[in-house]
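Visitor: Those sequence lines, one after another, are chains A and B. Numbering-wise (my numbering), the first sequence opens with residue 1 and increments by one. Numbering-wise (my numbering), the second sequence opens with residue 1 and increments by one.
Be a bit skeptical, because a hint or two may be false.
For chains that are exact copies, the list does not tell them apart, and a pair is met inside one copy or across any two.
Said to hold, decoys possible - With a straight-line Cα cutoff of 25 Å, these simulated DSS-like cross-link-like pairs (lysine-lysine) come out:
| no. | residue 1 | residue 2 |
| --- | --- | --- |
| 1 | Lys262 | Lys250 |
| 2 | Lys34 | Lys69 |
| 3 | Lys171 | Lys262 |
| 4 | Lys171 | Lys267 |
| 5 | Lys75 | Lys54 |
Keep in mind the hints are simulated off the structure, nothing from the lab.
Protein chains: 2
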Amino acid sequence: MKFKHFTTGIAALLLLSNAIQLQAQEISAMQAPKVVSPEIAADNSVTFRVLSEKANEVTLNGSWMGFGKTVPLTKGEQGVWSVTIDPLTSSMYHYNLFIDGVAAIDPTNPQALRDGTRYASMLMVEGEGSKVFQLNETPHGNISQVWYESPSLGLDRRMYVYTPPGYESGKDSYPVLYLLHGAGGDEDAWTSLGRANLILDNLIASGKSKAMIVVMTNGNAWQTSSLRNAPGIGNITRENFAQYQGKFEKSLVEDVVPYVEKNYRVKAEKNSRALAGLSMGGGHTITASITYPGTFGYIGVFSSGIFDANADMAELEKKFTALKTSGVSKYWVACGKEDFVMESNKRLLSILDKTGFEHEYFENEGGHTWANWRTYLSMFSPMLFQ
Amino acid sequence: MKFKHFTTGIAALLLLSNAIQLQAQEISAMQAPKVVSPEIAADNSVTFRVLSEKANEVTLNGSWMGFGKTVPLTKGEQGVWSVTIDPLTSSMYHYNLFIDGVAAIDPTNPQALRDGTRYASMLMVEGEGSKVFQLNETPHGNISQVWYESPSLGLDRRMYVYTPPGYESGKDSYPVLYLLHGAGGDEDAWTSLGRANLILDNLIASGKSKAMIVVMTNGNAWQTSSLRNAPGIGNITRENFAQYQGKFEKSLVEDVVPYVEKNYRVKAEKNSRALAGLSMGGGHTITASITYPGTFGYIGVFSSGIFDANADMAELEKKFTALKTSGVSKYWVACGKEDFVMESNKRLLSILDKTGFEHEYFENEGGHTWANWRTYLSMFSPMLFQ
Numbered sequence: 001m002k003f004k005h006f007t008t009g010i011a012a013l014l015l016l017s018n019a020i021q022l023q024a025q026e027i028s029a030m031q032a033p034k035v036v037s038p039e040i041a042a043d044n045s046v047t048f049r050v051l052s053e054k055a056n057e058v059t060l061n062g063s064w065m066g067f068g069k070t071v072p073l074t075k076g077e078q079g080v081w082s083v084t085i086d087p088l089t090s091s092m093y094h095y096n097l098f099i100d101g102v103a104a105i106d107p108t109n110p111q112a113l114r115d116g117t118r119y120a121s122m123l124m125v126e127g128e129g130s131k132v133f134q135l136n137e138t139p140h141g142n143i144s145q146v147w148y149e150s151p152s153l154g155l156d157r158r159m160y161v162y163t164p165p166g167y168e169s170g171k172d173s174y175p176v177l178y179l180l181h182g183a184g185g186d187e188d189a190w191t192s193l194g195r196a197n198l199i200l201d202n203l204i205a206s207g208k209s210k211a212m213i214v215v216m217t218n219g220n221a222w223q224t225s226s227l228r229n230a231p232g233i234g235n236i237t238r239e240n241f242a243q244y245q246g247k248f249e250k251s252l253v254e255d256v257v258p259y260v261e262k263n264y265r266v267k268a269e270k271n272s273r274a275l276a277g278l279s280m281g282g283g284h285t286i287t288a289s290i291t292y293p294g295t296f297g298y299i300g301v302f303s304s305g306i307f308d309a310n311a312d313m314a315e316l317e318k319k320f321t322a323l324k325t326s327g328v329s330k331y332w333v334a335c336g337k338e339d340f341v342m343e344s345n346k347r348l349l350s351i352l353d354k355t356g357f358e359h360e361y362f363e364n365e366g367g368h369t370w371a372n373w374r375t376y377l378s379m380f381s382p383m384l385f386q
Numbered sequence: 001m002k003f004k005h006f007t008t009g010i011a012a013l014l015l016l017s018n019a020i021q022l023q024a025q026e027i028s029a030m031q032a033p034k035v036v037s038p039e040i041a042a043d044n045s046v047t048f049r050v051l052s053e054k055a056n057e058v059t060l061n062g063s064w065m066g067f068g069k070t071v072p073l074t075k076g077e078q079g080v081w082s083v084t085i086d087p088l089t090s091s092m093y094h095y096n097l098f099i100d101g102v103a104a105i106d107p108t109n110p111q112a113l114r115d116g117t118r119y120a121s122m123l124m125v126e127g128e129g130s131k132v133f134q135l136n137e138t139p140h141g142n143i144s145q146v147w148y149e150s151p152s153l154g155l156d157r158r159m160y161v162y163t164p165p166g167y168e169s170g171k172d173s174y175p176v177l178y179l180l181h182g183a184g185g186d187e188d189a190w191t192s193l194g195r196a197n198l199i200l201d202n203l204i205a206s207g208k209s210k211a212m213i214v215v216m217t218n219g220n221a222w223q224t225s226s227l228r229n230a231p232g233i234g235n236i237t238r239e240n241f242a243q244y245q246g247k248f249e250k251s252l253v254e255d256v257v258p259y260v261e262k263n264y265r266v267k268a269e270k271n272s273r274a275l276a277g278l279s280m281g282g283g284h285t286i287t288a289s290i291t292y293p294g295t296f297g298y299i300g301v302f303s304s305g306i307f308d309a310n311a312d313m314a315e316l317e318k319k320f321t322a323l324k325t326s327g328v329s330k331y332w333v334a335c336g337k338e339d340f341v342m343e344s345n346k347r348l349l350s351i352l353d354k355t356g357f358e359h360e361y362f363e364n365e366g367g368h369t370w371a372n373w374r375t376y377l378s379m380f381s382p383m384l385f386q
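Please put together the full structure from these sequences, using the hints given.
Guide: Structure below.
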């Protein structure tokens with residue numbers, strides 16, 4: 001079948017020999033990189049390299065270091081800068097190289113992550129700590145980028161919907177987790193950085209989590225999607241931010257939940273609806289759940305709490321009591337010991353205690369990081385719908 | 001409703017005041033950039049800026065320049081480098097800044113594009129030339145990242161499926177366009193760089209294209225998805241590349257088409273199936289269509305052709321004659337005048353002429369570029385299923 005060979009195989013070689021004329025995408029897969037970066041050694045130490053004859057200074061910031069900290073790379077032979085860092089525990093990290101102070105992604109690392117309005121290179125150190133969010137050889141659920149009408153906001157908006165393995169080919173109805181991102185994120189954050197789809201794939205495959213649909217909305221009420229702000233909306237300032245307070249929560253419960261329950265095979269009742277969010281999304285979770293008691297049977301608040309130190313605690317207690325009375329199967333709170341929201345988190349715990357609201361609290365090392373939020377989702381999703 | 005206010009609004013302000021402790025995603029949306037880049041003037045000239053006190057050299061490569069060409073930026077006050085380029089015609093472009101030779105995305109531009117294994121910053125110069133692939137205020141179709149079983153390749157694989165506006169809420173059956181990427185791309189390319197979903201949104205909204213499903217596969221038979229190569233497969237070399245020849249085409253027709261026709265509401269007949277691809281994907285299109293005559297009623301070959309100058313033309317003519325006899329409603333070929341595949345393209349045209357295979361040929365300016373592929377899709381999709 002000679003004719004079957006000429007198109008694909010020869011195409012690639014032709015493209016290679018004509019590299020000089022090609023767009024980057026046509027050649028990048030075929031080019032041998034001049035440097036290898038990142039290189040993970042057997043002991044999980046990692047070497048980062050970048051080629052620049054001309055740079056004066058190259059530094060590295062990684063998510064394992066914390067914000068604003070850097071380590072220098074040293075210039076070696078042929079203009080290859082490098083640094084080897086101490087072994088990392090297995091997890092997913094991200095990093096930037098700073099070339100004379102300019103944040104760059106690692107040009108030889110093909111895997112980058114979108115972090116809101118910024119990009120960083122991805123570093124996966126595989127091992128026990130990464131298993132739950134790696135792409136393993138399990139069945140995979142699908143992610144759909146779904147446009148829906150939001151009458152509350154007067155916008156067509158986009159959300160991501162994870163459907164578990166078997167959803168498309170089956171007839172079962174599923175419970176739904178509504179999963180909310182933090183400030184600076186959008187509907188892409190929980191899959192790009194949070195790897196929520198892979199966490200669910202792995203936990204469903206191992207039998208630890210029930211199969212469920214996960215709905216990841218855009219919590220910025222002024223945006224249609226990560227692609228665009230609403231027409232007429234420019235940059236968001238402290239002043240125009242105020243006009244959007246409370247609006248996302250309304251759109252979530254009054255627009256998103258009905259859309260999902262109309263268009264997907266779901267169990268449309270309280271004990272088959274969970275709501276969780278991180279940071280600003282934890283705030284959204286608190287507000288939506290107390291504003292609409294009886295809607296969500298499972299509630300998760302990650303790295304968040306009652307942000308306003310001057311909040312009317314008596315009124316809040318009344319609302320939390322009403323939510324408790326409506327019947328909540330699980331109220332789960334998680335926060336890192338070093339998280340700057342700890343005071344807000346404590347205010348939430350205090351209200352839960354005062355109102356006798358049965359809840360579970362998990363506190364771990366670390367701060368306001370995706371490493372923690374992946375952990376929290378991995379712990380929270382097995383508690384749901386059981 | 002005071003309690004509705006404390007969580008979202010205050011959350012953002014709190015996050016702002018605690019910026020030093022935050023992950024990038026939590027603050028990037030709130031930070032005022034020190035420089036604005038890119039800045040598009042009223043005449044569509046564009047200024048690029050980047051801040052670096054320490055760099056020795058900063059240059060710019062844009063997709064409007066061609067591969068390997070650069071223009072220098074000049075260092076001005078406070079370490080802000082800048083260059084203003086001549087007005088661009090309205091279109092979508094991408095570019096990199098080279099900081100002392102290291103390819104970077106523009107750190108102040110929140111929109112980046114994945115270009116196979118590389119990333120570039122996106123530049124949208126809005127106007128007549130960009131209307132067809134902008135995000136306009138039309139109904140939007142959804143994109144699903146769909147995992148399917150490929151018995152032909154022995155892999156679970158991922159593809160992107162565009163469903164037109166109204167698909168999810170309706171009951172109609174739709175025709176399907178199978179749309180293939182080039183070498184170095186993957187299942188993400190036609191939406192990220194090709195903006196196929198937005199092209200279809202716009203052409204369906206204006207009534208120029210029929211509503212259709214668009215299936216965007218991964219044409220690299222050694223990959224499960226853009227996320228991972230098949231287990232046991234490392235880097236692809238000329239040697240191991242050979243073993244995959246013809247296998248993608250088999251998986252497309254024997255695995256993907258049946259999956260789509262089982263799991264979506266589609267019209268499962270030849271005149272409701274179209275196949276098109278660019279470059280390597282054009283080669284896949286040629287091979288799949290002559291190997292499986294009677295499967296696809298519409299065929300589009302973009303920037304491609306018969307790559308092997310020594311191909312057995314007599315055997316090819318026999319195969320094209322069989323395809324012609326099976327009945328093809330439209331065979332459409334497009335290539336840029338400066339495209340390096342022009343000789344391959346001419347070999348295809350020669351076979352079509354020799355076999356009396358009715359076809360249309362479109363030749364335009366430019367070469368092997370996404371600007372051309374977006375144009376070709378914009379021209380081809382209105383011809384389909386009419």
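Visitor: Each of the hints needs a verdict: does it hold here or not?
Guide: Structure-based check of each hint:
1. Lys262 <-> Lys250: So Lys262 and Lys250 pass the 25 Å test inside one copy only (18 Å; across, 38 Å).
2. Lys34 <-> Lys69: Between. Shortest inter-copy distance 20 Å satisfies the 25 Å Cα cut-off; intra-copy 28 Å does not.
3. Lys171 <-> Lys262: Answer is both: 15 Å inside a copy and 14 Å across each meet the 25 Å cutoff.
4. Lys171 <-> Lys267: both (12 Å within a copy, 22 Å between copies)
5. Lys75 <-> Lys54: Classified as both: same-chain Cα gap 10 Å, cross-chain 16 Å, threshold 25 Å.
The structure is consistent with each of the numbered hints, conforming to all of them.
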